[in-house]
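**Q** Next come the chains, spelled out residue by residue.
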Amino acid sequence: MRRTKNIIICGTGGQGILMASEVLCSAAWRSGFDVKKSEVHGMAQRGGSVSSHVRFGEKVNSVLVEKGAADVILALEKMESLRWVSYLAPHGKLITCDVKIEPMTVNTGSAVYPDVEKIMDEMNIPNLMLPVREIAKELGNNRVVNIILLGAASKHLPEISEENWFQAVEERVPPKALEVNLEAFRRGRAL
Amino acid sequence: MRKKLNEVDSGKLFLSGNEAIARGAWEKGVHFASSYPGTPSTEIMETIGEEYPEIDAQWAPNEKVGVEVIAGASFAGARVLSTMKHVGLNVAADPFFTLSYIGATGGIVIVSADDPGMHSSQNEQDNRLLGRAAKVVILEPSDSQEAKDFTALGYDISEEFDTPVLLRITTRICHSKSLVEAGPRMEVPVKGYTKDIAKRVPIPANARKMHSRVEARLKAIEEWGYSSPLNRIEMGDKSIGIITSGISYQYVKEVYPEASVLKLGLTNPLPWKLIGEFIDQVDSVMFVEEGEPYLEERIRSRFLVDGTGSELISVEGELNPELVRAGIKNGEELPLTFTGVELPGRPPALCPGCPHRGAFHILSKMKASSTGDIGCYTLGLMPPYNALETVVCMGASIGVLSGIEKAVGRSDMPKLVSAIGESTFVHSGITGLIDMVYNGSTGTVMIMDNSLTAMTGGQENPTTGKNLRGEPAPVLDLEKMVLACGVKYVRVVDPHDLPEMRRAFEEEFAREELSVIITRRPCIMQYKPKRITVAVHHPDKCVHCKLCVKLGCPAISWDAEKRIPVINETLCWPNCNLCVQVCPKDALSKDLEGVV
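Residue numbers (my numbering), protein chains in the order written: chain A, 102 to 292; chain B, 6 to 601.
For reference, chain A alone in the conformation it holds in the complex (with noise of 0.2 Å):
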């Protein structure tokens, strides 16, 4: 693989954006690859936006995706895809899901949330909008968004192996909520 891997995982404080990047950073290195991923700490952790942008390749410089980029954004919440679509490169994948949480500007009136699905409709923003709080819901868990999302987006990160991904969601998840979260993977994966 000669081209960098861009991969941006987004949403909001608390959604386990950084647990999924740090999946996601332990396949790819247990690949074989040189790895970079930035995070977000401090105040935009209090419900802001959050994100976590992963580059993985030979030899990797930047930590940081460049706009029109990106090979896979991930969105834990809906309207949070569309602040980072400027990032997608021309053969990207935006791949975002049915969570949706409103921001304080939203809640006090000051805001409205957007229309999401219509204004990727207007764009022409190809989007695979994932039916995660359904699956979630079957699963008795709804901290598993994340993971079930991360196993969506493996199918198009094909330079890392099936059992590699398991064994980074083995590595980084706790004991406890292994079972569950290797199931949310293979639903995620299966979508």
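Keep in mind that a hint or two might mislead.
[As the list claims (entries may be wrong)] Each computed DSS-like pair below joins lysine-lysine, with the alpha-carbon atoms no more than 30 Å apart:
1. B:411 / B:485
2. A:160 / B:334
3. B:590 / A:201
4. B:555 / A:201
5. A:194 / B:334
6. A:160 / B:9
7. B:551 / A:201
8. A:277 / B:471
9. A:201 / B:567
10. B:8 / A:277
11. A:160 / B:17
12. B:567 / A:219
13. B:471 / B:9
14. B:595 / A:277
15. B:17 / A:277
16. A:160 / B:243
17. A:238 / B:595
18. A:201 / B:595
19. B:9 / A:277
20. B:8 / A:160
21. B:17 / A:256
22. A:238 / B:567
23. B:551 / A:219
24. A:201 / A:256
25. B:546 / A:201
Hints were generated in silico from the structure; no laboratory data involved.
Keeping the supplied structure of chain A fixed, place chain B upon it in accordance with the hints.
**A** Frame of chain A, contents of chain B only:
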């Protein structure tokens, strides 16, 4: 079970810059560390606390004390570390500058984590300027491997040249992860304390000699820097030579891999001979640096080169590959498939269950406000509270409140309190309160005691009863402390008891004497609930007044069609019933849902 990192002595680790600095200190045999938390530096100390018990590490009440304590430990021959955010170095500047004159018996590395882009800060200061003013060595790593290596090398430089070393990193170094080669810890003995008055007492007669030593030291390090592995020339296309340091180097390599590059890891003193050789080999020079044009101004004042950087890339904000590409490649940008979309902002908010919400809710209801300080409660400025209107620096809420009264008098002063967290009060609010007592101010100070340094992710402090490693520690008694300062009226209020909170403000606003309200309720990060109760809405009783929504709780949103609140059960906090309290018609209740 994952091994603790002190049990790993080889192989690759995937570490953040902060974790790599902790690792570098540990491998180099560091004995002692003392710091105050501050984004983006906090995880260095947290990592030491969790992974490296061989380093004796502690939280200091503020950065100045942190540096003073490591100074003493260095005098006694220990290898020492102190970490802080960029503005923390302002607080520690007094010992930092003089420590430069005194030097290092045991190696001293001080980490300044600058925050360009202000992810979580009030300014963008570039502490290379402060490091240069203090005449210390400055090192700038560009990834986690270098963060580890430069930290370790910093101790060699510190002890060989008798100087403190400033490791200058920026947010993107702190909080990005990359692969690092692990090594074992080297054990070095603590040299022991020996009296050396000429070295450690900077009375003028001694300090003049110290200054001479500092100047000679800078010359010697400059010479050493010429062949040091910290700096390197990567010769490529000679038509363009880029001089860069820190994270900026990675962006240059990303967008202009064919350019010739001088990568500087040592940025004070500058290796002039190496820089001169580089400039001679290339046709034109450009500077790429995050923050101030520090290299550009210094190098251009030494060599007659036309190159610039600050005119091509803004000195404001954080760098990224797009900015560097456009700056050094004449406006070039990657083609975009989609343009950006205008979206509602998602600003940070007080957490569901946050103890500060009660106090700001009441201030807002009373059309009162606060002079603010640095912590989670700075978010009191946001709607729906709009109850905080000044911020200067750690501890300043008290001095600012006092100053407003001095200028306009109590009777003309709006309904203001100072809003300061307990950790910030201990950091540097106490002296402000002493000033208010001493100089006859009559305002109301609110100490928001949530028993945790919360904004930086939840660290212990002198009021929490635990030390950095979570072991029991004496508790600083805030009421006694306030009384000892000379304040006559102190009251403690649960900020989630809304009627009591209102009464406290009303009575203290009416009092024409200085008083302190301590709002006391633990941060939700401190509280592990056993029972899960969540708010439940009963639509039949709802009168659609939206008072619950106006609490600004992330767990409550408004269904505009049905005109009722929607409670997010995942976010709703068990140990909170503010929405139940504000509902005038009992349309909200807290029902037991289960037991964890």
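**Q** Are the hints correct? Go through all of them and say.
**A** For each hint, the structure was consulted:
1. Distance check on the hinted pair: residue 411 of chain B and residue 485 of chain B sit about 27 Å apart at the alpha-carbon level, within 30 Å; holds.
2. A threshold of 30 Å between alpha carbons decides the hint, and for residue 160 of chain A with residue 334 of chain B the separation of about 22 Å falls inside it, so the pair holds.
3. Taking the CA atoms of residue 590 of chain B and residue 201 of chain A, the gap is near 29 Å; set against the 30 Å cutoff, the hint holds.
4. Between residue 555 of chain B and residue 201 of chain A the CA atoms are separated by roughly 20 Å; this keeps the pair inside 30 Å, and the hint holds.
5. Note on residue 194 of chain A and residue 334 of chain B: the hinted pairing holds, with a Cα-Cα distance of about 28 Å set against a maximum of 30 Å.
6. For a cut-off of 30 Å, the pair hint linking residue 160 of chain A to residue 9 of chain B stands: about 28 Å separates their Cα positions.
7. For a cut-off of 30 Å, the pair hint linking residue 551 of chain B to residue 201 of chain A stands: about 21 Å separates their Cα positions.
8. About 28 Å separates the Cα atoms of residue 277 of chain A and residue 471 of chain B, which keeps this hinted pair within 30 Å; it holds.
9. Distance restraint check for residue 201 of chain A and residue 567 of chain B: the Cα-Cα separation of roughly 18 Å lies within the 30 Å cut-off, and the hinted pair is therefore satisfied.
10. The straight-line distance between the Cα atoms of residue 8 of chain B and residue 277 of chain A is roughly 18 Å, inside the 30 Å bound, and the hint therefore holds.
11. A hinted pair counts as satisfied when its Cα atoms are at most 30 Å apart, and residue 160 of chain A with residue 17 of chain B qualifies at roughly 15 Å.
12. Of the supplied pair hints, the one linking residue 567 of chain B and residue 219 of chain A holds, its CA atoms being roughly 22 Å apart against a limit of 30 Å.
13. For the hint pairing residue 471 of chain B with residue 9 of chain B, the CA-to-CA distance comes to about 22 Å; that is within 30 Å, so the pair holds.
14. A hinted pair counts as satisfied when its Cα atoms are at most 30 Å apart, and residue 595 of chain B with residue 277 of chain A qualifies at roughly 29 Å.
15. About 27 Å separates the Cα atoms of residue 17 of chain B and residue 277 of chain A, which keeps this hinted pair within 30 Å; it holds.
16. For the given pair, residue 160 of chain A sits about 23 Å from residue 243 of chain B by alpha-carbon distance, which is consistent with the 30 Å threshold.
17. For a cut-off of 30 Å, the pair hint linking residue 238 of chain A to residue 595 of chain B stands: about 23 Å separates their Cα positions.
18. At most 30 Å may separate the alpha-carbon atoms for a hinted pair to count; residue 201 of chain A and residue 595 of chain B meet this at roughly 24 Å.
19. At roughly 19 Å between alpha-carbon atoms, residue 9 of chain B and residue 277 of chain A fall within 30 Å of each other, so this suggested pair holds.
20. A C-alpha spacing of about 28 Å is found between residue 8 of chain B and residue 160 of chain A, which places the hinted pair at or below 30 Å, so the restraint holds.
21. Between the alpha carbons of residue 17 of chain B and residue 256 of chain A the distance comes to roughly 27 Å, so the proposed pair stays at or under 30 Å and holds.
22. Proximity of residue 238 of chain A to residue 567 of chain B is assessed by CA-CA distance (about 25 Å); at most 30 Å being required, the pair is judged to hold.
23. Taking the CA atoms of residue 551 of chain B and residue 219 of chain A, the gap is about 29 Å. The hint holds against a cut of 30 Å.
24. Distance check on the hinted pair: residue 201 of chain A and residue 256 of chain A sit about 24 Å apart at the alpha-carbon level, within 30 Å; holds.
25. Only pairs whose Cα atoms come within 30 Å are accepted, and residue 546 of chain B paired with residue 201 of chain A is accepted, the gap being roughly 27 Å.
The earlier numbered hints are all upheld by this structure, with none contradicted.
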